[in-house]
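Given next are the chains, with one letter for each unit.
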Amino acid sequence: MAATKHDTKPGPIPPASRRVEESSPAWGALTVAVGSALAAGATGHLVGGTPGWVAVGVVAVLGGAVALLFAKGPSVSQKAGLQQGGEAEGGKSRGAALLELESIRRQIDLATTTLRGGRDPLAVVSELGMGPLNGLLQAVRDASTTGPVVSRIAIDEAELVGTDGESLPEPWPADADAPPGFDPRLRAEALRGIDAMITGLEALSRDLGRPGSAVPVTESGRATRTPAQLVDDVVHTAADGIEDLAAGLMRANELAGVAERVTNRATLLALNAALEATRSGSEAFAAIAEETRRLAEFAREATDTISRLANEIEYKVGETITAIHSTSEDVKVAVAALSGATPLSTMASPEHRESVVALLQRAREVRKTLTATMPSRAGRKPRPGSGGPEGGEALPAAAPPRAPAGEDSRTQADLRPAEESAPMREVPPPIQMATDLAPDTADPSSRGETPPEHSLLLERLKPAPGQPG
Amino acid sequence: MRSEAPIHERTRGVLAYCVAGIWFGARVEEVAGLMQAERPAPLPHQRDPLSGVIAFRGTMVPTFEIGSFLGIEPMSTSGQTYALVLARGNDRFGVMVPEIPRLLPARELREAELSEVDPELAEMIQSVFESGDLRIHCLNYWSIIDSIMPRAGARSAAATGR
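Those sequence lines, one after another, are chains A and B. Positions 6 to 474 (our numbering) are the ones given, in order, by the first sequence. Positions 714 to 875 (our numbering) are the ones given, in order, by the second sequence.
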């Protein structure tokens, strides 16, 4: 890791080298070659013997190559000269060394880039496993498994690394088995989400465990109109309209009474005409009397029909009004049950409670697993005012003993109210759990019976005898 | 009670009306007319069964309720009453009936005998006719009227003993 402290990227060209390149690259190379020869002489003097002379050659070649490398490679003319093979044998050796150095520099760049990304260079870039940097990278990997090279001090979400943290790469991942990108920050967010889910499930289990109703409230704090109230308004509006219609029918009935009186007068006229015809024996009077009688009969039939229809309509309207008023209560109960305004205890079955408890238990298990996979924060001081595990909240040293999954005691414990179960990770005693979840004899739903209002609905939903399904 | 003459010679028809389930009738030869009489004008010191006087074709006609005379309470179910105006010479008298009478021609009538269950009504019943299922009792209205309002001449003659 110490090697990575240095920036291995090729820096800007030194001014001296630039001047050499601008003036004459060949002279620069010659100068470096002379320097290399002097260094080779010193090496041969130090080593001695035939290997020493070989080392002299190698050092000379490398010196020339390094010189060319600092000068950003050979000039175009030199490259052309190398390609054309018009130079001496030493020129060929310098070209090969140049290529090799270029390869090393590229591998160093790759390794640096990979390490900055927090990944294993040997695993990511296969070329590095065969290059000259293999040993160095292997040593870095071995050192990372034993512990962080640089001690870190946690400051909230960020970490201060050494004195120049920005330029340092991330430490070697200790949890190499974790999925990529699943860093502690994401894990903390996941923990917070699971905590919120657990809180919601506990609230739901409390509602299932005791009667209560929630009145929806708008953002302004004013209670909204429940569906039952809306249905009630609609029913009242319909009833009012039908009552107006009934009033109109009553008025029509009165007019039918007037028509009946007119018909009676016509009948009296016909009878009087018939009496006169009978008394006088006049055929003409008899004819008039007969026509008047027919007219009276026609008027009476029409009046009777109008009166009968008006009475029928009035009767049916009255029945409809009665039915609307009698059904409105049932509709309100049904809508309240569907919208959730009815207390959950009256509509939730034991299966619903079991499902909620199972979800709650599953959420707690997931949270426990996440907490167990958290990196060890031993020795870290909790920061005051911060919530959650990332903020320094002390996790329980050991989870309290829990009953096996599916056991009744734990299922019943999860239905306890929050004020009794706080803190969240503490498990109440089994006896208290069993007491809290004991079947409420006053609650029909807890006894497996159907509440009265549901019985009414079920009775209405029952198919009539002979009616399919 | 049965007359020797055929029915069509004795009457041309009957105006029949029902009071408390009992059908009564009046021969058309005795009837001057029909009218609706909702509120007869009461007379001073009026007693039952008199109900007051009505105006019939420009004349004042005293009326009485047949139901009250027969001891039958409910007169009208519809709230309307009709007056059957009887005529004898120049005399007019009205009989308040609870409904519009039916005119039954003589061809639809057949004469019947007075049943033994009506012994109390025997003196007031002039004749009995049948029309279909109906048994119609024609009353001797003028004797009833005389019993209610004796003639002034007869009452004065009886008082003087002449």
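Note that these hints are calculated values from the structure, not bench results. Predicted model only: the values in this text are computed from it and were never measured. Check the hints yourself; a few may be wrong.
[As the list claims (entries may be wrong)] Pairwise CB distance ranges, derived in the manner of DEER restraints: (1) Ala-800/B with Ala-289/A: 19 to 25 Å; (2) Lys-321/A with Gly-734/B: 31 to 37 Å; (3) Ala-800/B with Lys-321/A: 26 to 32 Å; (4) Glu-824/B with Ala-291/A: 30 to 36 Å; (5) Val-239/A with Gly-734/B: 29 to 35 Å; (6) Ala-307/A with Gly-734/B: 49 to 55 Å; (7) Ser-781/B with His-241/A: 49 to 55 Å; (8) Gly-262/A with Ser-781/B: 22 to 28 Å; (9) Leu-260/A with Ser-781/B: 30 to 36 Å.
Heads up, the beta-carbon is just placed ideally off N, CA and C, and yes, glycines get one too.
Here is what the structure says about each hint:
Between Ala-800/B and Ala-289/A the beta carbons are some 22 Å apart, a value that agrees with the proposed interval 19 to 25 Å. Range check, Lys-321/A to Gly-734/B: about 32 Å between beta-carbon atoms, so the 31 to 37 Å window is met. Ala-800/B and Lys-321/A have their C-beta atoms about 50 Å apart, which leaves the hinted 26 to 32 Å range violated. As the Cβ distance of Glu-824/B to Ala-291/A is approximately 24 Å, the hint placing it in 30 to 36 Å is violated.
Look at Val-239/A against Gly-734/B: about 51 Å separates their beta carbons, and that is not inside 29 to 35 Å. Separation of Ala-307/A from Gly-734/B is about 29 Å and departs from the stated range, judged on CB atoms against 49 to 55 Å. Ser-781/B and His-241/A have their C-beta atoms about 51 Å apart, which keeps the hinted 49 to 55 Å range intact. Checked against the hint of 22 to 28 Å, the C-beta distance between Gly-262/A and Ser-781/B comes to roughly 27 Å, which is consistent with it.
Distance hint check: the CB atoms of Leu-260/A and Ser-781/B are about 33 Å apart, consistent with the given range 30 to 36 Å.
Of the numbered hints given earlier, the model fails hints 3, 4, 5 and 6; all others are met.
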